[in-house]
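All chains, full assembly: derive it from the sequences and hints.
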Amino acid sequence: MTENPARESRLLRGVHRTVTGLHPALESIVAAIVGLLIGAVLMYIWGFDPWKAYWALLRGAYGGSYEWASSLARATPLILTALTFSICVRAGMFNIGAEGQMMMGAMAAVCVALFAAPTVLHLIIGLVFAAVAGALWSVVPAILKVSRGVSEVISTIMFNWIGRWLALYLAIYVIVDRMRPEKTLTVPVTARFPILVRGTDLSASIFLAVGVALVMYFLLWHTTMGYEVRAAGLNPTAARYGGIRSKRTMIISFLLGGITAGLAGATIAMGLPPSYAIFGGGAFPELTNLGFDGMAVAMVGRNHPIGILVAALFFGGLNAGGRVMQFYGSNPVPLEMIRVVMGAIVLAMAIPELIRLFPAIKNQGERFFAVLRRRRETRSKEGKA
Amino acid sequence: MELEGADTGIPGGTKEFKEVALKRLLAVTLMLILGVSLLGMAAGKVAVVLDVGGRGDLSFNDMGFKGTDQAAKDFGLQMIEVQCATGADYLPNIRNVARTGDYDLIICVGFLLGDALAAASTEFPNQKFAIIDVDYITGPNIMNFVFRENEQSALVGALAGMSAAYHGYSAAGVVLGIEIPVLWHFEAGFRYGMDWGLKAFAKHEGKAPSVNLLYTYTGTFSDIALGKAASEAMLAQGAVGVYNVAGPLGVGDHEAVAEAHGNLGTLYGPPYFYGVDANQDFIGNGFHGIASGMKRVDTACYMAVEAVVKGQFKAGVTSLGLKEGGVAISKVGDLADFILFGISGGSVSADDFYTIIANWAQNRSTIPGWIWDAVDTLEAGILDGSIVVPTASTGDQIAAVRAQYTLGAP
Amino acid sequence: MNENAGPEARRDADSYFLRAEGITKIYSDGTVALKKATLEIHPHEIIGLLGENGAGKTTLTKILSGLLPPTRGRVVSPRGPVRFASPREALDFGIGMVHQHFALVGTFTATENVALSHEKPFSLIRLAKTRERLEALMEESGLRVPLDVPVEKLAVGEQQRVEILKVLFRDVRLLILDEPTSVLTPLEVDELFALLRKLKEKGTSVILITHKLKEVQSITDRIVVLRHGEMVGDVRTAEATTERLAQLMVGKTLEGEPTAFELSAEQLPRALSASRKKEFSGEGILHVIDLVARGNTREIAVNGVTFDVHGGEIFGIAGVEGNGQSELVECLTGLRVPVSGTATIRGTNILGKDPRQIYRLGVAHVPEDRWRLGLVLPFTLAENAILGVHRWEEFQGPFGILRRGKVNQHVRKLMDRFDIQATGPNAPAKSLSGGNQQKLIVGRELAKDPAIVVASQPTRGLDIGAAKYIRDLLIEMRDNGRAILLVSADLDEVLALADRLAIMYEGRFMTSCRPDTLNREQIGMLMGGVACKEVA
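Residue numbers (this note's numbering), protein chains in the order written: chain E, 354 to 738; chain V, 28 to 437; chain L, 82 to 617.
It should be emphasised that the hints constitute simulated quantities derived from the structure, not laboratory data. Just so you know, not all the hints are guaranteed correct.
[To be verified] 20 angstroms max Cα-Cα, derived EDC-like pairs, lysine to aspartate or glutamate:
#: 1; chain 1: L; residue 1: Lys487; chain 2: L; residue 2: Asp530
#: 2; chain 1: E; residue 1: Lys405; chain 2: V; residue 2: Asp129
#: 3; chain 1: V; residue 1: Lys337; chain 2: V; residue 2: Asp129
#: 4; chain 1: E; residue 1: Lys600; chain 2: L; residue 2: Asp530
#: 5; chain 1: V; residue 1: Lys226; chain 2: V; residue 2: Asp400
#: 6; chain 1: L; residue 1: Lys117; chain 2: L; residue 2: Asp435
This is the structure in structure tokens:
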């Protein structure tokens, strides 16, 4: 037992402290770098040039106004579904139901095709429809939890499936375009978000998403309602002591989450060119997974509305850049590989927040460090002996 | 002397060097011109954009890739594939490729890409496009390829009707996806073919069989379990087999057939599985797939590339039927092709090549030769134009076909 | 004195168990918690670690027990330097620590918690065997706890016993106890001290962190005093006087009352009775009649309690923790629904109402567990300062907008008025020391301008200064005509403050009288369940 192992242990402990005590923003950046490195190793192993691939990713994501617009367009619905998850996390619950709520919202938004209205009004009606549909789909699990103690994780997952099939039924049989039965009715021009950058997907729906994120920030940090929601999420017993009705905050957070998820569906139906309709054929290719991707965005954004804006831009860039990686120059990377790389990046970025959400994992990690250190110690002892 | 100098690479002097260089330049230029005139655009590029189904389906998307890939090889082109992770990727992906301006042709495989291509084709008027299964994009720079699925389905319908009658089954089943016009083509053709087959059977046997049509629009192209459930219901109602008209649902349809065989204790014979789009006869080691109504997406893609290379690009709608080789009922030759295709995709073991073909032949032998001959007769009639298979693209049309060929329905 | 001579005689130059050499600890935020602390720990020795909150007692023991690495300095055993990467390694070495805030899995039983703390990863947990050993250990040590109830349902005192058992389970050679007596009753303290003496006889070293001088003097062999991270004294208990220790600890004599509560607890009731009003003519504020309530394990915890609290008096409830005080307070503050009985505040029924409705009637509640109930730790000071009053018009503008400016103004006022030491209104509550956290809670509750203050263990775990401050506040409130219901396990505190006193035992009041009508022996017996008549 001399200085050497002591220094090693100090190093290890230093690493440990660094990992667990980083500033959230710095932490996210470190995690992103780790994820990119893992992705690079994976690509290298399978015979692709990581530098060229990442160059393509970067160019495709933020290389110019077209690329920025594409990334922002992709970020739009993710901002909203991420808010769904994060609001409920702030209230101490896991709302896994953004997917179903978003689909119901999309269907409701499509319903504006059933009647005519003046330009802006038509759009607003559609948004209200979507928000109400999302909220309705979200509030049922909340009521089940409040009144019968049903775990919101289970019920929201189940509601995802019910919502998906109900939405598919609506898309195929009810609000279907009789001439093109693979899709729903097309949202009329009067109810569409105008395209902001010609030749791209970026529509004014980005303003809605950013606006909602800012409103949610304001609600959570600058109103008594948000105060109650956060207090109940951080310490339910203290909240109860403080006269906060936790049932009420639960329902409120689920309602807010449902509204944002519903609006996410609306940004697709009313803001995604060229179809401005939802495809029942192919089982919602443009909606599927937006809700779940939103959870990843929320975790990377540390469940903070402003963090989510940044994270969604990053995710939008990953998606937009990933498209370009497929055919960039001499180093085309197949979509499957791109998704593996993205999975690695997302996972690396979500891990710090996952650790925070599940303290048990953190304890395991600490134990791992201790074991690692002990092994080194034993080894160095053996070496000395 | 000069040539010698050129060969050794040591020109005698500056003047000779210049001459040699000039001659070489000339030669290269000539060869280039020759090459370009021979192969059209020799160093060209084509892109194939696939929908969210993606590669690995051993059907629509894989065939689109295969046809384009084959054409690229044959004409010496560079080819890339672009897949879409979500529906939101369709338009951006087409735009991204078109923006480069490097591609002589962009092929979009599948009707889901229709709206996106309609938008992109006006944004990039100088870019040539082709799309499969869509007939409504009118731009001067786009070829629409559609298939006369009613023709292949008529052949499958005839086979199904006759085999049901022959084996004493009371019905034939069709499992369809979402009720879109393309699927009406299949239904109309199948109804006509089944009716034709039952009449042929009555003529041959001297008595009219009683065989009903069972069909279901499952409303999905992705829920395999639903396909299986629908197939099980049909088999329980006495269907001789199920015709898969819902792409991936065929896996579920086949599972139902395989389980029915397990319950019956049979290895092959009825009930049968009828494949679609690709040659799916090899599924189940060749024992279950009796025939497939093939829709040669690969042929369409090949034709699109060929048209561009040969300067025969023709905007508008190209309809591919039996005559053009766009649709077909599966034959032994295609089976070999598709088994090889399956082997390359990793879903079939190379060792099983001959086993599958032998099994398939054994399965086919459970249907007598005269029925196969009758199917050939129908095919010949369609080919020479003496038989016109009805089709349907609108609700009214399919209603009319359903009314004409009720096939047991009240 | 002979007590101390024994271990002294047995001690020789090399026989120390552990030595901390020149330990300096600087936290990542720059706080210097310890400056070159050196401490030698011998077998057969009980060391009292004395100091105010923030003096570095906890930091030093955390370093010894492997929770924190020292910035400089080292820990040495006779066999060479040692370092622990985790408490588990320290435990393997024979050092166990019982923290003030417990590390128990709430939903696990005592047996499971003990088993959990000693299993290696991926090993089988042998509950039956653990239980067997645990029962033997309980028999031997006299520490009794229910083994089959989830620990979250146990009273704090019982939870502490589980923590001690957890450590004793592993024949430790150095037992560190952080403020162990703050949650115990006199009887329990005696039991604990008997246990510690027994351990000492067996050769175990004990470090006792405390700020109760009386206890330190009664049990320890040596007293180490820390102040602001520095070791200011290392004296043999026999040679230390109360006054000397207090001086070492606080560095100055406290203003006002010449001695702090702890310094001469025996005299305190008399000393304070001067400020006590002989007659209280205040109106009856709280009336409780025949209240019955169940505890967390569905047992009857409050079994028919009747009392009134008037304006201008402090009604104290003393008793061994876990005799229904917590449940009683919870019923009165809307956190628990009772089985039967009535309770009114100025004539309005409060039973079954939620906390918000009860606060509206003018109730302030200083909860017993400030971490679980009183504060939302990750919230800022400002956010915590309005917990429960956040919907008051002062802080809530139109559309439910939080008036941040007003809130900050309010918290600054609280910080001034109640002497809360913090970097600012936006400092997270968890960054505050225990005393400041409690001042924040008390300040928040008193700022409600309540008719009645329900204060449960208001000074638990606080240093002398903070505790005195809070007690003075309660007296001030009383003098302003407010009613105060004080529930405390600290008998001295109740005796010193209460105008009337009730002693609670197994859900009932053993007696309800003026505190000066009882002597300490009588009180001790009442707390132990011996009825008043027999006392008389």
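Checked hints:
| no. | hint | verdict |
| --- | --- | --- |
| 1 | Lys487/L to Asp530/L | holds (17 angstroms) |
| 2 | Lys405/E to Asp129/V | holds (19 angstroms) |
| 3 | Lys337/V to Asp129/V | holds (18 angstroms) |
| 4 | Lys600/E to Asp530/L | violated (28 angstroms) |
| 5 | Lys226/V to Asp400/V | holds (14 angstroms) |
| 6 | Lys117/L to Asp435/L | violated (52 angstroms) |
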